[in-house]
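Peer 1: The primary structure of each chain is shown beneath.
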Amino acid sequence: MTVESDNDLEGQIAEWRAYTRRRRELHHTDAEELEDHLRSRIHELTEAGLHADEAFLIAVKRMGSLDELSREFAREHSERLWKQLVLPAEPDASATARSRRELTVMVACAVVAALAIKVPSWFGLDMSDDHAGFYARNISLFALPPLAAYFAWQRRVGFRVVEELALLFVVGAVAANAYPLTNDSQSSVLTAIHLPLALWLVVGVAYVGGDWRSDRRRMDFIRFTGEWLIYFALIGMGGGVLTAFTAGTFNAIGVDAAGFIQSWLLPCGAMAAVIVSAWLVEAKQSVIENMAPVLTRVFTPLFAATLLAFLVAIIWTNNGIDVERDALILFDLLLVVVLGLLLYAISARNLTARPGLFDRLQLALVVTALIIDILILVAITGRITEWGFTANKTAALGENVILLTNLAWSAWLLLGFVRGRMPFGRLENWQTRYIFVYAVWAWTVVFVFPPVFDFA
Amino acid sequence: MHITKDLVAASATPLVLGILADGESYGYAILKQVNELSGGNLEWTDGLLYPLLHRLERVGHVKSAWETPSGGRRRKYYRITDQGRAELTEQRRQWSAVVDALRGVWNTTQSIKPITPPAWEAG
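Protein chains in written order, with my numbering: chain A, 1 to 456; chain B, 457 to 579.
These are computed hints drawn from the structure, not numbers from a lab.
All figures in this text were calculated on a predicted structure; none of them were measured in a lab.
Straight-line C-alpha distance at most 30 Å; calculated BS3-like pairs for lysine-lysine:
1. B:Lys-488 <-> B:Lys-461
2. A:Lys-61 <-> B:Lys-488
3. A:Lys-61 <-> B:Lys-532
4. B:Lys-519 <-> B:Lys-532
5. B:Lys-461 <-> A:Lys-61
6. B:Lys-519 <-> B:Lys-488
7. A:Lys-61 <-> B:Lys-519
Bound conformation, chain A alone (with noise of 0.2 Å):
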């Protein structure tokens, strides 16, 4: 055998290697003791004189088709077809050891944020209703430093961003505790509610590795947010029967255990929670399916039929709209449901596809939810100017008109686009970008409002 002949094999075989790599019933040992067999064959044909070539394609033929060894492989290994999360599962040593130190750094995370939440209680401020308020206008600060942390060390991102993400916490935590906000003030709701928005959105800069002026990186932490959301109620449901064996476990034996729950289990599990489902969106991301993007497909059809039947409703009925004051907020989370919806379709979608007729339904769906959004604005502005502007209405109404013209602008994209003039990507680049109003937003409910709004 020449040098020659002896590449071409090499070659070849480098060749069949690449068609069992690409079978997932076949694992990575497989192919390599199938390979053995192969080149003892081989040997064996060119000993008895054969050229390198005939020898590997009989070799070849012999071993059967890929296909057929494949079903064979499958219905002994019907485990493969699941893809499971084993956590060293590469069979080289660096990546292991990488896995390894991934799963350490991440525990190490999410102790330190189940002991965060406890922080305060050794200064005196336990978890009763006296301190019911500094606990919602903080609960953002135990559990996403740790959660930043975790993917500043992931990405190896530089010392200025980890500055720049320092920074923006200490500003977070001194916009939660500099003013002085009573327990139930209006303030303080909205702070709570909106201080977790700006640092998830700070989260989203460590997520990218600093670069967060990327539209890509940018849509990568959109598609993390939808999983990291379904991730952290699987985890919560749970969450949740360990909580009743718990307390059913312990009462059985004239224990109570109520007072462990309440301040222990559930308050250091949710914030360690929200560390491990982090974790399990990336660890989980290349081997599974996105469930997000699934739910979309299933529920934009039924939001669609709710919607107009709920617009038929209103102008059939033609009652007009007889809307109470929390009536805003509703339509608020209907726009976010709706945007959710856009969004994570939009994030799923191969951006250079055909319009087709999903691409239908969410034009119909974000027009119909656009067109109820505009008859309740105009039935609510006029009755706003007489209950006078709250911090609470304020902020409902912020929030509407942001993500109306969201909405608006993306319906039009969406038609542009579903009628062949414009391409898929625009309306990708609108999503991605429109993200900076909404830390702009949080950022000014949560420093601006509370001393327009005289701290009430």
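For this one, chain A is given, so just place chain B on it according to the hints.
Peer 2: Frame of chain A, contents of chain B only:
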């Protein structure tokens, strides 16, 4: 001579276990031995031996280990377990019962004749 798929499949397990009972071996060597033992009549698709070996390992009849000879590529060796030996004994018992029965059939019919259609069908 061509041996049908069902017969190949049925005899695969006792063959592999029997070969491994002689000492540890690896896929390619097992296949070659099957080929020699059957005088080339038993033809397996090479690749399909491996899912079979993996199944035997899963149920505990064999154990496997990767070994690297000095200066060579690493190779997966299979070794029979005690449970595998027990299974082999059992299979052997069943197969000899089958073979005895078949032998009885061959003897009573004396010789295999080409099948002629019965008279009522021809008429």
